[in-house]
Amino acid sequence: MTRIPLARLSLLASTASIAIPLAMTAPALGQTAAAPQAHAPTVQDPGVRGGARGAGGPLPGLNTEETAFFKATKEIFEEVNTVPDGLGPRFNLDGCAGCHVQPAVGGTSPAVNPQVAVATRLGANNVVPPFVTVDGPVREARFVKKPDGTPDGGVHGLFVISGRSDAPSACRIVQDNFAAAVAANNVIFRIPTPLFGLGLVETVRDSALRASLSAGAGRKSSLGISGRFNVNENDGTITRFGWKAQNKSLLIFSAEAYNVEQGVTNEGFPTEREEDPKCAVTATPEDPTRLVEEEDLGSPAANFSADIVSFAGFMRFLAPPTPATSPATAASAAEVMNASLTAAPPSSSSPARGKMVFDNIGCDACHTPSLKTGKSTFNSLSNKTFSPLSDFALHDMGVGLEDRVSQGGASGREFRTAPLWGLGQRIFFLHDGRTTDLLVAIRQHSSTGSEAKQVIDNFEMLGNGDKQALLNYLRSL
Amino acid sequence: VSLRLAPRRGAVAAVALLAAAIGVVAWLNLGRDADPPPTADPEDGRVVGGRYVSRYFDLVYPLPPGFVEGLAGPAPSETGSYVLANFVPAGELDATILVAALDRFFAPAWFDGAEAMAADFARGLAGIEGMTVDRAPDAMMTGGRRFVRVDFSGVGLYRAMLATDIRCHVVSFTVTARTPERRADLLDSVGHLSSSGVTGPACLKDHAGNDNLLHRVAPAVVGPQFVPIPVRMIVAVDGSVRHAHVIRATAEQRRSVAEAVRQWRFKPHLIDGRAVEVETGVVFRFGPSAPGS
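Chains as they are written, first to last, in this note's numbering: chain S, 1 to 477; chain R, 1 to 293.
FYI, nobody ran anything at the bench for these hints, they're computed from the structure.
Incorrect hints may have been included.
To be verified - Covered stretches of chain R, going by a simulated chain S footprint (3 or more residues, C-beta under 8 Å):
#: 1; segment: 64-74
#: 2; segment: 81-91
#: 3; segment: 114-124
#: 4; segment: 153-165
#: 5; segment: 200-207
If you're wondering where the values come from, they're calculated on a predicted model, not measured in any experiment.
Here a beta-carbon is modelled for each residue, glycine too, at the ideal position from N, C-alpha and C.
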């Protein structure tokens with residue numbers, strides 16, 4: 001395949017808007033989001049935090065070979081694919097790092113949605129679906145039902161390669177009618193999950209996850225919380241990646257995403273989803289293991305690896321996000337808010353107080369503060385204690401968040417506890433990116449059938465100072 | 001209350017109270033003159049005439065004044081965790097009451113009743129910064145039942161959990177309030193619990209796991225594999241399965257398991273030489289090498 005670094009994308013792109021997310025730094029976003037509103041409510045999301053990104057680097061302690069592999073695989077992760085590389089026939093974007101980039105490569109949806117630009121890149125004439133906007137989240141679309149009324153649940157690529165200068169001229173496939181799907185209430189959305197620290201997540205033993213979920217059963221019962229794990233249908237082990245914990249491993253996660261999001265067939269998912277012979281003209285798998293060294297990326301392993309192996313390797317060695325350590329950074333936006341609070345002195349709304357609130361009202365019952373990895377082939381992942389703020393279990397989130405799509409054992413209302421590490425720099429919240437307001441996201445946890453209802457009631461009963469402290473703490477992550 | 005009402009309003013209130021009482025009685029005696037009432041399950045409790053009524057747990061709990069039902073909770077879990085009900089004020093949210101149950105047959109192995117749960121609960125609270133255990137686990141009688149009570153507070157919320165053992169479940173009332181006085185008032189409301197005093201079946205955890213089981217029919221393997229399917233069953237005095245409650249499963253698994261279990265036959269269980277009903281539980285887990293496969 002042709003490996004085109006994202007930095008050189010402007011040579012291909014009809015607009016350079018995809019580069020904007022990389023240029024838009026977190027501090028800039030933080031300043032914008034933190035600006036006090038006229039007639040601001042008493043409690044308010046302080047917005048995307050400023051300060052150091054604290055994300056995007058390798059795990060500490062990697063050896064020379066591992067460091068070289070990380071650097072090489074990061075480059076591969078940042079590449080942009082063209083049709084001759086395997087892009088399409090249907091796709092959502094043309095590179096991993098377009099979606100996973102906030103606040104650094106490996107993150108999540110950026111402030112400027114690159115899907116708008118890719119719709120017409122290289123002469124394509126895709127219509128941008130109504131749920132994709134330039135200032136909205138990157139989204140994939142899943143149809144709830146097929147035309148015959150049976151369950152669908154699969155990802156429907158937003159765009160087609162028809163009309164692109166790098167696509168076969170005979171290719172004439174057209175986009176799904178997303179506007180009609182919206183009108184029929186037959187489409188739901190997912191945004192990219194952040195990838196930081198996933199090697200640690202992959203290395204936690206099932207027994208440790210089960211012990212964590214079983215711990216404090218009495219307290220969880222008193223909060224109305226239970227939870228269960230999604231499991232692999234082949235071997236019965238816990239699956240843990242994706243919004244519904246539907247993916248078993250980083251390799252499967254990579255392979256599925258490469259095919260579903262970009263249309264690139266690979267050794268994990270070797271079949272084209274759209275087999276129109278006038279469009280699917282490249283040999284499959286489009287991403288094979290390389291038997292001959294095509295270029296030197298500085299890592300022998302990366303030189304030969306299939307892209308999906310490189311993606312998995314990049315995620316495996318990608319460090320978890322670092323919370324803000326400086327109160328001035330963590331609460332820079334929060335302090336602006338505190339000035340408007342009369343119910344509590346500013347010091348009572350500190351992130352440290354917010355952590356106390358988080359644990360006291362029961363957020364920690366699902367957003368588990370601490371997990372430990374098992375023994376790993378890689379020392380940097382072996383026997384490490386880390387803080388993802390997730391139990392990686394499925395919980396019933398009620399009718400308010402229900403998306404009517406089942407994956408593995410997860411029902412339409414069940415979602416994996418979203419890890420909160422790095423939340424301070426996320427722009428869009430919840431599985432479909434429906435809000436940029438953390439306060440709204442918290443309140444969306446409560447609806448009929450939700451396990452989080454009592455915890456949210458506890459939140460609502462707090463004084464405003466403690467509510468603000470919780471928001472400030474979460475934005476310090 | 002009626003003393004403070006004008007005569008006409010008092011009469012209306014009296015009629016309303018009478019109607020509510022009739023409603024509760026009618027609900028408790030559902031179909032008594034015709035078919036026997038369907039066997040109740042833990043999640044079948046309802047609010048009738050201002051009272052939470054659970055036939056399964058034999059509980060009637062009058063809601064505190066001004067309280068209404070909150071949003072319904074999730075379905076029962078794989079580990080037999082239930083949100084039975086929750087109550088909130090009709091106006092400003094300054095307090096809540098959550099009624100929950102944990103099935104001791106399916107909860108973690110260490111979980112051995114209300115006392116053990118309360119002890120574990122208090123230990124957990126002690127590890128939370130800013131949380132104070134105001135009252136260590138302490139047995140008490142209220143509403144005619146033995147409860148273990150833990151009071152705790154932190155970040156301006158005053159809470160208490162009252163837990164009791166019923167039919168091999170731990171049933172808990174968790175009160176959360178903005179003031180200690182409000183907490184105390186709501187705890188008093190639990191003292192108004194009542195029950196009919198009817199004794200349920202003897203609950204025996206491993207009754208199906210030894211030679212008590214004379215005839216076993218395996219359920220058809222359908223639906224997701226490796227997922228635990230907890231089932232409670234009531235074994236009649238003649239050893240037949242009178243009732244099977246598939247607590248959590250897909251619809252097709254629910255049908256398959258219930259159909260199989262109803263064909264099971266047990267040795268009659270004798271206490272003092274007399275056959276008695278038994279309630280027990282089993283977990284199915286479909287999979288190539290899993291129990292129940």
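Structure-based check of each hint:
no., hint, result
1, 64-74, "holds (count 5)"
2, 81-91, "holds (count 4)"
3, 114-124, "holds (count 5)"
4, 153-165, "holds (count 6)"
5, 200-207, "violated (count 0)"
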